[in-house]
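Number of protein chains: 2
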Amino acid sequence: MREVAVVGVGMTRFGVSENTNVEMFSEAAMEAINESNLEPKDIEALFFGNVFGSHEEGQANMAPFAVADIGVPNIPATRFEGACASGSVAVRDAFIWVASGYYDIVLAGGTERVLAMDTPAATRAFAMCSNSYYEGPAGITFPGVFAMLAHLYSHKYAIPLPKLKEQMAMVAIKNHHNGKLNPKAHFQATIRDLMEARIARATQRGQPVPTWADEMEFFRDIKVNPMIADPLQLYDCCPFTDGAAALVLASIDKARALTDKPVLVAGVGQCSAGSLADQKDYTQMKSRILSAKQAYTQAGIEPPDVDLCELHDCFTIAEIVAMECLGFFEFGQGSRAVARGETEIGGKIAINPSGGLKAVGHPIGATGARQIYEVVKQLRGECGERQVAGATIGMTDTLGGDAGTICNIILRRGW
Amino acid sequence: MREVAVVGVGMTRFGVSENTNVEMFSEAAMEAINESNLEPKDIEALFFGNVFGSHEEGQANMAPFAVADIGVPNIPATRFEGACASGSVAVRDAFIWVASGYYDIVLAGGTERVLAMDTPAATRAFAMCSNSYYEGPAGITFPGVFAMLAHLYSHKYAIPLPKLKEQMAMVAIKNHHNGKLNPKAHFQATIRDLMEARIARATQRGQPVPTWADEMEFFRDIKVNPMIADPLQLYDCCPFTDGAAALVLASIDKARALTDKPVLVAGVGQCSAGSLADQKDYTQMKSRILSAKQAYTQAGIEPPDVDLCELHDCFTIAEIVAMECLGFFEFGQGSRAVARGETEIGGKIAINPSGGLKAVGHPIGATGARQIYEVVKQLRGECGERQVAGATIGMTDTLGGDAGTICNIILRRGW
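Which chain is which? The protein sequence lines are A and B, in order. Mapping to our numbering: the first sequence position 279 is 466, numbers consecutive. Mapping to our numbering: the second sequence position 117 is 304, numbers consecutive.
It should be emphasised that the hints constitute simulated quantities derived from the structure, not laboratory data. What you are looking at is a predicted structure, and each value in this text was computed from that prediction instead of being measured. Hints may be right or wrong, so weigh each one.
Any copy will do: because identical chains look the same in the list, a pair fits if it lies in one copy or spans two.
[Stated by the list, open to error] With a cut-off of at most 30 Å between alpha-carbon atoms, the simulated BS3-like pairs for lysine-lysine come out as follows:
no.: 1; residue 1: Lys228; residue 2: Lys480
no.: 2; residue 1: Lys367; residue 2: Lys467
no.: 3; residue 1: Lys473; residue 2: Lys228
no.: 4; residue 1: Lys448; residue 2: Lys410
no.: 5; residue 1: Lys467; residue 2: Lys228
no.: 6; residue 1: Lys467; residue 2: Lys410
Extracted from the complex, chain A is given alone in its bound form (with noise of 0.2 Å):
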């Protein structure tokens, strides 16, 4: 098989839009395509990442119209749903097509407008990526899923509840001041500035104000900062967001002609997992073991060989629970990590540079690309304020369903 690089990548900014689906990923798509200095003509093939379209808009079979948006209306164009993963996975699956000498040049991403749907319609939606006969009826949706994930962690690691919760509250902390640095986020704002938000809306209104000594005190004010699924608490979650990233996927041969910052897919992995009741050890996700070794195998690389992971954070514990699995820290290690500072830029290992799900926002259908756009603007050294210094090899990590669908994938400096 040929070497794979990443030519050129593009994403909207995050947050509410007004655009569709399409609109999105084109815009998204565009920018991909121009920072590979090629024209929409040169693409050969799209794979698309979209989980909720029908629900959305009323849109199914959403790839083709996608590339007739960008006026190259009759190449393959294929949407792969792999839950919140969907992306990554169409991504991977871009990376084969290429890899085996298929073609050169393909354009890959994805997109979501999840805020199409109002918040009970998306709970309720992204809860059909659980096993919806064995989990549906126990009225289990993901944050009840990951709350009880942090009391597993809690219980199994011998970490008090409070202690866990206040770990907890420093990777969304971290993850707000990475995300203040990005300005494609969708909460371009520390926990602070959130804080002193709803304090100045408080004041308007007249009502009592209250002061915080730091960050923590927010997070342990349920007034402000109110309980969703017991341990997790609002900004525990991730938000609903609507965005688009794409990527172009090139042979190593066309990308050197392309750019002089060629990054190589240096690896992929994808694995699946049955319902969450079949799942042996929740904190220790197999289908995310398995996915990140293929990975790392086929990269020829160990887990302490990354310079920083886009991992997904869709709660805090996920973070966490994530770190471990993907062999960044030892099992139980990573929530007292997270309070050393060591997943910080300039920490042991740069966890979310961009802010995460936590503060970029969470288009489920787009993360995975997302994910990779970062790495590769890591990669890059493009980064400004949220640079990794030296940054040279990089990893994403997305979870679908209940771990249902794990995708992880390597990039490095191909320079």
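Dock chain B against the given chain A, drawing on the hints supplied.
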């Protein structure tokens, strides 16, 4: 790239199912795996077509649960959606993962439980496969689209509509004759059988009993074959159907060790089209012409080399137009060819010897894999009374949306 072969196929009895999408798929998958002399643990990945699981059963992210159900929860399992072509698109993608050398043995196919939706819901769901922003508000569902195509065909080729309607009826009569010989078809009944059943029911109810001279008379009677979208009557349309189909693909080396009748994947093609309004001539679908050309080129064959074709007869006019776009007949000659019997088993080329979507039924996510099931069985000589004598090369053709997604696969005897 390596040669890839189909080593086993399976499908459910198509019709009305009490089983879930996953359960139906497992039944088809286990038949394919058993026929391949394999066990589930030998399968390295799943490529899975499904369109409306989230509407039918409230189930997204379905592929992981499908592999869990056959006992291999931890292999990569990916859902593909390209409207009614979803099953074919999944199989084409599976092909490249084996051809590239990444996997040796994979499972591909699809499942759909259309009848979990009521007719109005299903009709509206299907219509989401058109461009929802521009075609949806016009009120065009697929019967409307293909009715317009029939008018266009009649006008363009100066075939008076009553004449064309008779030729279209002959598509249905042929496919139901074939379907009667297919023990897995939804309708194992000729048009005459269906007519006699209607007469029996009318007699029981004491209603006046129509008497028809032949099957064509039945078509003309608007009372028993009501108008759906002029000129399409009920029996011009394929039914809503539940079902699943699956196949095992293997590298040629593995295939020869597993079976003495490997069927080779000789060529694959896929192409997109934009909105219906952007397609220049819907009687000569560019996406289909381009997709088929990819498959023919890869296979190194021409249309006359094809012995049988399972093609997308969602409506009778659709079969006629498909035959022409695939190059089996000159443009404007297809309907006459049907009338001359050239597309029957034993004719110039056997079109839909299985009975097609018309008689076998159309569980949209499964249809592409079901078509491959038929071609594989035909090439192996296992089709009994509906066998196409001496079949060496077969082809599938699947259309999604308004030709937004087209996929073609050419198979040939590998022994």
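The hints, checked one at a time:
1. Lys228 / Lys480: between (37 Å within a copy, 19 Å between copies)
2. Lys367 / Lys467: The answer is neither: 38 Å in one copy and 48 Å across copies each exceed 30 Å.
3. Lys473 / Lys228: Between copies only: 17 Å across chains, 42 Å inside a chain, cut-off 30 Å.
4. Lys448 / Lys410: neither (49 Å within a copy, 69 Å between copies)
5. Lys467 / Lys228: Intra 48 Å, inter 19 Å, cutoff 30 Å: inter-copy only.
6. Lys467 / Lys410: Intra 36 Å, inter 60 Å, cutoff 30 Å: neither.
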